[in-house]
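Colleague: Sequence:
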Amino acid sequence: MEFLAVVLLAVFAGGYLVLAGADIGVGMLLPWLGRGQDERRLVIASFAPFFLANEVWLVASVGLVAGAFPGLEHDLVEALYPVVAVLLVGWVVRDMGLWLRGRVDAVVWRGGCDAAVTAGSWVLALAWGSLLGSLVWSGSGGGLNAGSVLGLPLAVVFAWHGAGFARWRLPVGLAGRAVRLRGRYVVSCAVMAVAPVVAGVRVPWSEVAADETSLALTAVGTVVLLPVLAVGQVLVWWTFRGRVESPSYL
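Heads up, the sequence shown is in this note's numbering, so the first residue is 305 and it goes up one at a time.
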């Protein structure tokens with residue numbers, strides 16, 4: 305069951321980075337892809353229908369860690385508390401900007417929300433890079449280390465991933481700006497999917513795993529959840545497939 309739980313965690317964590325990494329990357333590039341507020345509204349609309357469904361993969365990953373690998377959860381929260389705290393702040397700021405942008409019809413308000421989306425996205429990308437780098441360097445429980453800094457360049461991969469997504473979703477004119485960044489969505493998807501696998505290589509899974517009963521319950525429950533989540537994700541992406549032509553969401 306331990307091996308199954310590790311594989312499931314790799315699937316969910318990789319799924320989150322592949323899917324949510326794209327909207328984080330687009331948010332990082334918001335000032336570049338959208339030169340005015342109307343253009344930025346289109347850029348946000350390119351990923352707005354997906355970002356909540358994408359975040360479900362992270363919620364599922366956290367639940368899997370809590371149920372199957374409580375030792376890892378403890379090590380991450382305690383030893384890497386500054387990184388986790390920064391990550392949560394970036395998440396809240398980014399989502400706040402997305403949800404509140406259309407609430408007030410004022411240039412200053414929308415500009416502030418755009419800044420929140422961009423800043424929050426950069427903070428998220430840097431925090432994820434630092435967290436994954438820390439795990440690669442020490443496995444778990446090592447606290448802040450050299451990997452916490454060496455992982456920061458992974459933020460550039462988020463932006464590159466977002467550029468590839470933008471080439472597919474934005475109108476032709478705006479997509480041309482993403483082309484200059486040479487993002488390749490398929491290639492960046494592979495990189496993002498591999499990142500959590502590499503980070504997990506040095507984790508002593510047997511030492512951080514729960515007892516057999518908890519492992520079995522968590523793994524079985526996750527196996528049941530996975531196809532439901534996958535089908536829902538496919539439906540969302542099929543519904544909003546193609547290039548966005550109008551700001552019809554958020």
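It should be emphasised that the hints constitute simulated quantities derived from the structure, not laboratory data. Note that the structure is predicted; figures quoted are calculated from it, not measured. Among the clues, some could well be false.
Label pairs and their in silico Cβ distance ranges [unchecked claim]:
no., residue 1, residue 2, range
1, R506, P386, 39 to 45 angstroms
2, T543, R506, 25 to 31 angstroms
3, V311, V491, 21 to 27 angstroms
4, T517, R545, 40 to 46 angstroms
5, V490, L392, 41 to 47 angstroms
Idealized CB from N, CA, C, for every residue including glycine.
Colleague: If a hint holds in the structure, say so; if it does not, say that too.
Modeller: Evaluated hints:
1. R506 <-> P386: 39 to 45 angstroms: violated (21 angstroms)
2. T543 <-> R506: 25 to 31 angstroms: Once the Cβ atoms are compared, 40 angstroms apart, the range 25 to 31 angstroms for R506 and T543 is violated.
3. V311 <-> V491: 21 to 27 angstroms: holds (23 angstroms)
4. T517 <-> R545: 40 to 46 angstroms: Once the Cβ atoms are compared, 43 angstroms apart, the range 40 to 46 angstroms for R545 and T517 holds.
5. V490 <-> L392: 41 to 47 angstroms: Because 31 angstroms falls outside the window, the suggested range is violated.
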